[in-house]
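**Q** Chain residues, written in single-letter form:
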Amino acid sequence: MSATVVGEKLLGEDDVVAELRSGMTIAIGGWGSRRKPMSIVRAILRSDLQDLTILSHGGPDLGLLCAAGKVSKAIYAFATLDTIPLEPHFRRARESGAIADEPLDEGLVHLGLQAAAWRVPFLPTRVGLGSDLVRDNPTLGRVTSPFDDGEELLAMPAFRLDAAICHLNRSDARGNAMYLGPDLYWDDLMLQAAPTGGRFISTELVVPTGDLEREGCLHQLRISRMMVDGVVSAPGGAHFTACAPDYGRDEAFQQAYAASAASPEAWASFRAEWIDIPESDYQRKAGALR
Amino acid sequence: MTDISRAEICIVAMAECFRGDGEILANPIGLIPVLGGRLARATFEPLLCCTDGEARLIADDVTFPGPESPGGLTSGDGKTVEYWNPYRSMFDWVWSGRRHVVMGATQLDRYGNQNFAAIGDYGRPKVQLLGYRGAPGNTLNCTTSYWVPKHGPRVFVEKVDTVTGVGWDRATELGLDGPARYFDVRRVVSNLGVFDFATPDHRMRLQALHPGVTVDEVVAATGFDLVIPDEVPTSRLPTPEELELIRETLDPTNLRITEVPEPT
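The listed protein sequences derive, respectively, from chains Y and V.
Last residue of the first sequence? That's 290 in my numbering, and every number before it is there in order.
Last residue of the second sequence? That's 1264 in my numbering, and every number before it is there in order.
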């Protein structure tokens, strides 16, 4: 890419980490074990960041960060590896009491992001009423409709994010980006809910702006440069999660990852082999496995 | 028709949950519920909409593997796609009530309160499960049924540890003509029988026994007192047309037997 592009935002994974601070609340895009910004997650794992609050439709992003002791609190509706129903490292962190927990219905995640993106303090909903969410999540409020119906509703507060990190299939150097798979998930809303300066994407391929539309179709151009502060060129960056249609989930790798939750020794060994190495080495080794 | 399997009985019972639903999204989760939904659409509920388990609504009456398929690369190939339905669209169906979901349950109590988030104290669980997922929103906004493949006293419990899906007692407390006016927890299908909440105080009632199952068997496998009518009917058998659909179109490789093994 030419360095003379006005508004170019290309940087590396470690540059993203340098913009983050311990104690931050970070939203991570994708869903379960699908299109997760894993190369940036790996960079966070190698960093000295700690005490993070992670908002995620949880997959191995959340699990890895828990395993590495980076997480103090999880904001989530579920955590799964898709083909392995429960995220084993997240499970271990919850059962050992290592992390605090802010459970939500996945619809409330949607509303909390939308409220933040629209800069309103909350959005009203019936979701959560009657369930133990109101027992287990003290951030939830109540609100009475000001209209004739006078209905009592649950108030889902806007998330207060410090950063959002997503992985997209294609991007230009300025952060206009697109997904090419079947689902954008909540990536656009996460980027819109995060403050300027804290919005990062990685991408399979950086292309000239003029090539974006022909990489897919108009309707997939859902990430605008107005939502993005930094773009990381990261081919294979979602590995080992699925990144349709560029590549599928690396199931054998995911099984090895899941098995590393069996004991501290198993995790230490997985970590030495796959985390405490440069991303370029990771990609070379993982590519050889595929 | 002695060769009809318990799994096939369960699929028909599951299909019956959707009877009368019309043009809404039938959203069964799990193999037997998915087969039941497809069977209902292929026979008596032709207007139902069905997902491919990921981001498409599919017009075919065949069953596809869901998003848990290896690699996570489901495509539209070979499917008749009638709508693009990314995850976020699901809330449009749920919150407008145009959906009937069938969820699983790690625990279920006599009022249909469901738990699949955690076993033990929620703050420090003995076993962390999936999480709240969409259960609170589902139960308050759209018709909900449950599927339990292994009926036992650890599933059908006196009191669930965490209420993820709202049951009839809590919905009544909220107000069935107020905040819970769209609440409709309809039915529970297990490998032993069919259960509903058609009692004055909405306690769970044994609605039907699968062929070969006794009342005593169900009572022994249930950790609370069920309402048991004097006469308990037997779950209906599949018609010859339904059997052919199940065996030759919907589940030709007999995956159903792995979820509901034939009782010995």
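Watch out, some of these pointers could steer you wrong.
Stated by the list, open to error - A few chain V residues that don't get close to chain Y, going by computed Cβ distances all over 12 Å: (1) GLN1128; (2) ALA1135; (3) THR1214; (4) THR1258.
To be verified - Some, not all, of what chain Y presents toward chain V, calculated at C-beta under 7 Å: (5) ARG46; (6) ASP48; (7) ALA77; (8) ARG94; (9) GLY97; (10) PRO103; (11) ASP105; (12) GLY107; (13) ARG126; (14) LEU129; (15) GLY130; (16) ASP132; (17) GLU152; (18) ALA155; (19) ASP183; (20) ALA256.
I should point out that these hints are in silico values taken from the structure, not numbers from a laboratory.
From the three backbone atoms N, C-alpha and C, an ideal C-beta is built for every residue, glycine too.
**Q** Taking 7 Å as the limit, does the beta-carbon of ALA77/Y come near enough to a beta-carbon in chain V?
**A** Since chain V brings a Cβ to about 5 Å from ALA77/Y, closer than 7 Å, the hint holds.
**Q** Does ASP48/Y pass the interface hint, meaning its C-beta sits closer than 7 Å to a C-beta of chain V?
**A** Violated, about 28 Å.
**Q** Less than 7 Å between beta-carbons is the criterion; does PRO103/Y satisfy it with respect to chain V?
**A** holds (5 Å)
**Q** Would the hint on ASP132/Y stand, with a C-beta cut-off of 7 Å toward chain V?
**A** holds (4 Å)
**Q** Taking 7 Å as the limit, does the beta-carbon of ALA155/Y come near enough to a beta-carbon in chain V?
**A** violated (13 Å)
**Q** Hey, does the ASP183/Y contact hint survive, CB to chain V under 7 Å?
**A** Check passed: Cβ of ASP183/Y comes within 4 Å of chain V, closer than 7 Å.
**Q** Hint check: is the beta carbon of ARG46/Y less than 7 Å from a beta carbon of chain V?
**A** violated (26 Å)
**Q** Regarding the assertion that GLN1128/V does not contact chain Y, is the least Cβ-Cβ distance greater than 12 Å?
**A** violated (4 Å)
**Q** Would you settle whether the hint for ARG126/Y is holds or violated, based on the nearest Cβ-Cβ distance to chain V being less than 7 Å?
**A** holds (5 Å)
**Q** Tell me if GLU152/Y is really an interface residue toward chain V, meaning its C-beta lies closer than 7 Å to one of theirs.
**A** Holds, about 6 Å.
**Q** If you take the shortest Cβ to Cβ gap from GLY107/Y to chain V, is it below 7 Å?
**A** For GLY107/Y, the interface hint holds, since the closest Cβ of chain V sits about 4 Å away, which is under 7 Å.
**Q** Closer than 7 Å between Cβ atoms is the bar; does ALA256/Y clear it against chain V? Give me holds or violated.
**A** violated (15 Å)
Checked against the numbered hints above, the structure breaks hints 1, 2, 5, 6, 18 and 20 and satisfies the rest.
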